[in-house]
Amino acid sequence: MGSDLIIQRSLRSELRVLWVMAHKEWLIFRRYPAWVMGYIIWPLIFPLGAIFTARALSGPDARALPAFAALAGTDNYVGFIVIGLTVYAWINITLWEVGFHLRNEQMRGTLESNWLCPTWRFSLLLGPSLTKLATSLCFLSLAIAEYHLFFGVPMLAGNPTLFLLVLLLVIPSIYGIGIAFGSLVIRFQEAHTMVFLVRGIFMVFTGASYPLAVLPDWMQTVATWLPLTYAIQSIRAISLQGAGLSEIAADLRMLAFFALFMPVLGYLLFRFTERQARRTGTLGHY
Amino acid sequence: MNTDKSTTIHSLSQVTWRSHLRSVGAVAWKNWLHFLRYPLSALFSVVQPIMGLTPLYFLGQSFKTPTGNTGFAAYTGTTDYLSFILLGALLSSYVGWVFWGIAFALKMDMESGVLESNWLTPVSRLALLTGQTLANLLTTTLVNVGILAIGWLFFGFRVNGNVLAALAVAVPMLLALYGFGFGFAALVLLVRDPNILVDVSDYLFSLFSGNMFPVRALPVYLLPIALALPLTYGLDAIRSILLGTTTLLPLAVEIAILLVAMVVLLPLGYAIFWWVERRCKQAGTIGLH
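Taken in sequence, the protein lines are chains S and D. With our numbering applied, the first sequence covers 17 to 302. With our numbering applied, the second sequence covers 79 to 367.
Just chain D, same shape as in the assembly:
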């Protein structure tokens, strides 16, 4: 009797770079279809940030002197308050993308009961997570284009600076945020009801990075929180390039901070996610919520 049988088990699935890319595309496409299925929500995602900016605009009007927003100019070097908050809203929408589009979306899959079955497929978690965020990134960017168009048409939003340079600064900022999002997604997996955690974190992160106001106006005891967030330097640098506002630190230093944040946060975020995922698998809590 021949007992010399091969013990090698071959997986039926052929995991390649192409299969990973197909998975990313499939998850992104599913999310995009979901976005299109609610047209009123899709339309309102453009209107909502404008509605959110309106009270800030009128607050600005109530402090306006005959020579413009001079109090604001003393902090920023510009009286163009509207462009300042519009840019802040656009950039902080990517913070919302990190908190709601990456972290909370994972929790939604958990609640829908599809996370466990998705994770059983021979696809890397990174591919699933990247696909999850791509459609959100696209919709966030489309919404921002809509907001810019409305700002340009109705509110006189204009930029004088180098748009390409601003985009180049935005890339490391977004990648750093992306890394942070991975780590935060891991945290969300450990919490049973993450709504408050996500909502409060999103709000505080945007607030202290100065999406609505120059962080110099913060009380001295709160300023260190703002200075500890890489996003603060991203917002500050981009506003400086586009609107000519005065920066917290020299522009080159702010860009260097963003690059360091990108290099550190991307692997760190993924490492935290990987560690928590292993813990969840061992404890068998992926399907619990």
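Here chain S stands alone, though its shape is the one from the complex:
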């Protein structure tokens, strides 16, 4: 007597799971209008601290601005900071949202039961990530519009096609990092601390608000291993200096490498966490 499974798993069923998980996440997002308010308010106020600090450092008569311009390649410190912090804000949102997704499920007590479903477990993370990607892109579009309107920083001023190419290349890296991070969070559990640590590393090493040239050599070496460094560098070059394809080709190559490498790393870490959780039976613990 055969033990045929009642459930027929297929590509269509997996796509349905992806859709259902993405839709569920969208419904949750819509239930909290305050989150939408955050998406509108934060891009406007977040860079203010660094901008006013730079304004104070340059002096009432901008006497220290040439020192900055010599290192940054531009005296437009507002544009320089706004671009860096926008990309940083993107990874920050991803760490909180994608990174916290599994942890939130764990704390609500739904992770274990969801993982018992006869489906590819990665879909359970990938589906919500698609919704987070869509909402993050809305945040990014709003930020670009607000910076143009209120700070006079036209981020699409240079070559918009190149700008979009950089965005497309950095998306897999950002979500690869998010998935890797989310997997580690359910393994080590002190989620807030890990977000602060990881986002702090990106803030310090990628030159989000200052030129990388001021960093000591060892810190500059670390920066070369972070995809965000290349994304920030190339968007600044495109938007503030009108750089073309040839000027940012090296950055694009590195972004393409990370676009392949980071999702694979994220998936491997997810698989590792999944195996560990099955072996130790700690999926429901927190």
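Don't read these hints as lab results, they were simulated from the structure. Please note that a few of the clues may not be correct.
From the derived model, a few chain D residues whose C-beta atoms are all more than 10 Å from chain S [unchecked claim]: (1) Phe113; (2) Ala151; (3) Ala205; (4) Trp230; (5) Asn240; (6) Leu253; (7) Asn273; (8) Leu275; (9) Pro292; (10) Leu327; (11) Leu329; (12) Val342.
Below 20 Å or equal to it, Euclidean Cα-Cα: the simulated DMTMM-like pairs (lysine to aspartate or glutamate) are [to be verified]: (13) D:Lys142 - D:Asp280; (14) D:Lys142 - D:Glu355; (15) D:Lys142 - S:Glu30; (16) S:Lys40 - S:Glu121; (17) D:Lys142 - S:Glu41; (18) D:Lys359 - D:Glu189; (19) D:Lys142 - S:Asp91; (20) S:Lys40 - S:Glu30; (21) D:Lys108 - D:Asp187.
For every residue, glycine included, the Cβ atom is placed at its ideal position computed from N, Cα and C.
Following the hints, complete the assembly by docking chain D onto the known chain S.
Here is chain D on its own, set in the frame of chain S:
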């Protein structure tokens, strides 16, 4: 049949000053235990502000001329930018204490479902709220000592001024903040999802009081916001005493503003809290979130 029964109802609990103090101590001790239960978070609470200061330090380096941070000195009267931002970070951590340690902690109790049962105990709300904040105040201060030690050991942080005088100025500033925290906690009770409200308010309050930069560098149309915040004068006065920076107003005037803020905000904050608490009780919304 004797119908002459006494109608006086005696509460079993004996509410005294000692019982209030015991309640304050018990709530503070519970929060302290909670802090110790997450050692990685406790350790990281020292590392995190240093990580937060690092980008500001490097931003300062990128504007440095061969004679130091001269642009910054034109606003403040000192080129010691690092000590300026370190002191700003220390003092604004108490703003974080007000927003997250008082207001948001109340909301956390609400979400955990213990606020209603705690408030049913024969303990004054003021005692519960004070206990809630004491442990946070202690941890914030311990974290600040750690940051000062790291700043002193690795970043050359030194102060030349009178530390006791600076502490004396900090007392009315903290008490004024405390009063503000009571009022803000009341507001948080009325909001269903206060995360954004608390986060944005904490950030803007610290920003406009000049935790990272001298408020003189603000555009003219934003300067009134900074001048309306008592914390601005607290930061300015303490930096002036410890680092010798130039003040916005004469030092005596800034201290007088802090004293007035303390006298006004403490009772006002508690009155707002008391009023909102009554409204919540009448509407039965203490347990809702």
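> Which numbered hints turn out to be false for this structure?
Replying inline: 2, 7, 8, 9, 13, 14, 15 and 17
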